[in-house]
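Enquirer: Listed below, chain by chain, are the residues.
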Amino acid sequence: MIDAGRQLERMRADAPLVHCITNYVAMNTAANVLLAAGASPAMVHAPEEAGAFAAAADALTVNIGTLSAPWREAMLLAAAGARGAGRPWVLDPVAVFLSDFRRDACARLIALGPTVIRGNASEILALAGGAGAGRGADAGDPVEAAAGAAVALARDSGAVLAVTGPVDFVTDGRRAARVANGHPLMPRVTALGCALTALLGAFVARAEDPFAAVAAGLACYGLAGERAGEAAAGPGDFAVRFLDALAALDGAAATAGARVTPC
Amino acid sequence: MIDAGRQLERMRADAPLVHCITNYVAMNTAANVLLAAGASPAMVHAPEEAGAFAAAADALTVNIGTLSAPWREAMLLAAAGARGAGRPWVLDPVAVFLSDFRRDACARLIALGPTVIRGNASEILALAGGAGAGRGADAGDPVEAAAGAAVALARDSGAVLAVTGPVDFVTDGRRAARVANGHPLMPRVTALGCALTALLGAFVARAEDPFAAVAAGLACYGLAGERAGEAAAGPGDFAVRFLDALAALDGAAATAGARVTPC
Amino acid sequence: MIDAGRQLERMRADAPLVHCITNYVAMNTAANVLLAAGASPAMVHAPEEAGAFAAAADALTVNIGTLSAPWREAMLLAAAGARGAGRPWVLDPVAVFLSDFRRDACARLIALGPTVIRGNASEILALAGGAGAGRGADAGDPVEAAAGAAVALARDSGAVLAVTGPVDFVTDGRRAARVANGHPLMPRVTALGCALTALLGAFVARAEDPFAAVAAGLACYGLAGERAGEAAAGPGDFAVRFLDALAALDGAAATAGARVTPC
Numbered sequence: 001m002i003d004a005g006r007q008l009e010r011m012r013a014d015a016p017l018v019h020c021i022t023n024y025v026a027m028n029t030a031a032n033v034l035l036a037a038g039a040s041p042a043m044v045h046a047p048e049e050a051g052a053f054a055a056a057a058d059a060l061t062v063n064i065g066t067l068s069a070p071w072r073e074a075m076l077l078a079a080a081g082a083r084g085a086g087r088p089w090v091l092d093p094v095a096v097f098l099s100d101f102r103r104d105a106c107a108r109l110i111a112l113g114p115t116v117i118r119g120n121a122s123e124i125l126a127l128a129g130g131a132g133a134g135r136g137a138d139a140g141d142p143v144e145a146a147a148g149a150a151v152a153l154a155r156d157s158g159a160v161l162a163v164t165g166p167v168d169f170v171t172d173g174r175r176a177a178r179v180a181n182g183h184p185l186m187p188r189v190t191a192l193g194c195a196l197t198a199l200l201g202a203f204v205a206r207a208e209d210p211f212a213a214v215a216a217g218l219a220c221y222g223l224a225g226e227r228a229g230e231a232a233a234g235p236g237d238f239a240v241r242f243l244d245a246l247a248a249l250d251g252a253a254a255t256a257g258a259r260v261t262p263c
Numbered sequence: 001m002i003d004a005g006r007q008l009e010r011m012r013a014d015a016p017l018v019h020c021i022t023n024y025v026a027m028n029t030a031a032n033v034l035l036a037a038g039a040s041p042a043m044v045h046a047p048e049e050a051g052a053f054a055a056a057a058d059a060l061t062v063n064i065g066t067l068s069a070p071w072r073e074a075m076l077l078a079a080a081g082a083r084g085a086g087r088p089w090v091l092d093p094v095a096v097f098l099s100d101f102r103r104d105a106c107a108r109l110i111a112l113g114p115t116v117i118r119g120n121a122s123e124i125l126a127l128a129g130g131a132g133a134g135r136g137a138d139a140g141d142p143v144e145a146a147a148g149a150a151v152a153l154a155r156d157s158g159a160v161l162a163v164t165g166p167v168d169f170v171t172d173g174r175r176a177a178r179v180a181n182g183h184p185l186m187p188r189v190t191a192l193g194c195a196l197t198a199l200l201g202a203f204v205a206r207a208e209d210p211f212a213a214v215a216a217g218l219a220c221y222g223l224a225g226e227r228a229g230e231a232a233a234g235p236g237d238f239a240v241r242f243l244d245a246l247a248a249l250d251g252a253a254a255t256a257g258a259r260v261t262p263c
Numbered sequence: 001m002i003d004a005g006r007q008l009e010r011m012r013a014d015a016p017l018v019h020c021i022t023n024y025v026a027m028n029t030a031a032n033v034l035l036a037a038g039a040s041p042a043m044v045h046a047p048e049e050a051g052a053f054a055a056a057a058d059a060l061t062v063n064i065g066t067l068s069a070p071w072r073e074a075m076l077l078a079a080a081g082a083r084g085a086g087r088p089w090v091l092d093p094v095a096v097f098l099s100d101f102r103r104d105a106c107a108r109l110i111a112l113g114p115t116v117i118r119g120n121a122s123e124i125l126a127l128a129g130g131a132g133a134g135r136g137a138d139a140g141d142p143v144e145a146a147a148g149a150a151v152a153l154a155r156d157s158g159a160v161l162a163v164t165g166p167v168d169f170v171t172d173g174r175r176a177a178r179v180a181n182g183h184p185l186m187p188r189v190t191a192l193g194c195a196l197t198a199l200l201g202a203f204v205a206r207a208e209d210p211f212a213a214v215a216a217g218l219a220c221y222g223l224a225g226e227r228a229g230e231a232a233a234g235p236g237d238f239a240v241r242f243l244d245a246l247a248a249l250d251g252a253a254a255t256a257g258a259r260v261t262p263c
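Taken in order, these protein sequences are the chains called A, B and C. Take the first sequence: its letter number 11 is residue 11 in our numbering, and every next letter is one higher. Take the second sequence: its letter number 204 is residue 204 in our numbering, and every next letter is one higher. Take the third sequence: its letter number 151 is residue 151 in our numbering, and every next letter is one higher.
Treat the hints as calculated values from the structure; they're not laboratory data. Just to be clear, a hint being listed does not mean it is correct.
[Said to hold, decoys possible] Part of the chain C face toward chain B, derived, beta carbon under 8 Å:
| no. | residue |
| --- | --- |
| 1 | MET1 |
| 2 | ASP3 |
| 3 | GLU9 |
| 4 | ALA13 |
| 5 | ALA36 |
| 6 | ALA42 |
| 7 | PHE53 |
| 8 | ALA55 |
| 9 | SER157 |
| 10 | HIS183 |
| 11 | ASP244 |
| 12 | THR255 |
| 13 | THR261 |
| 14 | CYS263 |
Beta carbons: idealized from backbone N, C-alpha and C, even for Gly.
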């Protein structure tokens, strides 16, 4: 049984320092999501310091949204630094289906043993070698279509796989669950998926069970979306209310509202 | 007769994928503007993939706000990719009057045949070889002062020229119109001009008549500003309401509210 | 006696053009803070133009939050350009304690004579050669612990030192003051510290007394935070209200509300 509220309270008590290497669109949003949730963000991408900082932080998150060759170098150094120091790290393979440039970067990153891989269905299908129907940064495939690929990739890589969409699917290759929290306005605000990746870094920092931590993080994030959506006047207002709802979410509400179903 | 509402509905029905290479300040805002309006943004700037992605997207927008040599390479590759695939693309020559570095980049980009060039009066005057009174990223010249330069540049380059300010001026070299929608708080929020460039990419994607599409995009954007400004408590609140107003704007309201006057 | 309202009105009357080289997380926020306060931001970082632009703008601000080697080059060129033209410039040594890479960059920047250095206590202690307890981008030391280091660094460098926290400490090496304005939600919104650095650039532009200008800027910023915090529903809502409060703050309210105490 996954207790989202207990995981949230544990994360907040730790207030983990999360090293983020993410895309230009998402940096501000990811930092505000981490602060609202009670964690501490730091964006560091210079090759001169990324490896050592990843080893010193509580978790690393790597997002390839605006990938370039210099940033790829920092991502690889940081992932190696986290791995070497036994720190958990999360990979977000944004639009990996877009180019060999992205596919190659993700292959090299996955070889460095991410603790978690979070993507939409088209991204997970592409990581597993499938074709998929993604376009731009958007999924063209339903979450269910990527469940098998996620289980296989979890077994191969040792990572927890999170396939996100209207109902998320999470698996560590042995166990699996669906998380049904969320709101239709969430994909209407840019970078909320990328910021979720950053938040999952906070949840898996010092976590005993990354599978449970990821499922709890997905539920808490979706719950904040549900609260924000209750009275939002549109996507601009929603984005503001979302941060407020995430900051206001407490353990009891998270436990009561989480819709995590083993499957 | 330009029907802004019909153009808005056509754009929304297409939900075009807009490839944006824009500045660091504007990326998040531009993505949210495109999402609010009903289009799909993707920010891609690596030389390894920018050309192929521009050829695959529905439109490209290039904004030189935080120009650097590596990004200039991506801009040129993307513009060439869009041109080669017959995709429309929009140039935003931010602060081109600031340096030879910017003037040279814009000259090379204009040689790749943009579908639309959008700038403030000082930027358009500078593109046409004039001196102007721009400073920083701000126009120091009234829109009217750049009307002649815009017509000449439209004829030379084949692009639709949009000179934006309190009343916008748009021309394809044969036809011209003024668009009188907007609100005084718009220039008090950073990146709204840059995000307009991104939105014009969505309007000209698959458009039969880029001149009409640009005029309609300018009118819809200004109308969202008018709605947002009705009750805004300040520039922060305005930015939130602006996205909500853009998302809520429908075809009938756009047609009724657009103030587009041929001239 | 420092009159925060007179300084605010002087700055607004000048509407200074502030050249910002800041981190990716803070760019949008810094630009919006400058616009809300009545100044004009411009983000320019290419080595091809950074030096000349810094010499032409009214002030320069340099923030090393997402430092990299190419940006370091631009920062050094811009600082040299500002110095050569007699323009004031502000240094924000974000997380300087994190790596030799940052320590070295700050040493080279300080050799170019910043007008103001603003940081948290752990950053100022690190600049002065101390150990401190900073982690990520956060201070681990109280403001008071860095007061001696700030006075010494002000005397050595000729800069005004601003150590920010719940109560700020500002000194030019001869005079010192505490500024007690602010709100607990301010550190819960990312980039507000970095945006303060940008705003201090506006306050010291064309200022006769940089010490008084910095103290006034700190007070005005904290006052906007106090106003925003009165009714904020959370950190998202606070960020919106903060910009509105900064835009609405007038000279009389700033003079009446500033809590600047010589010490």
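Enquirer: Which numbered hints does this structure break?
Expert: Violated: hints 1, 2, 3, 4, 8, 9, 10, 12, 13, 14.
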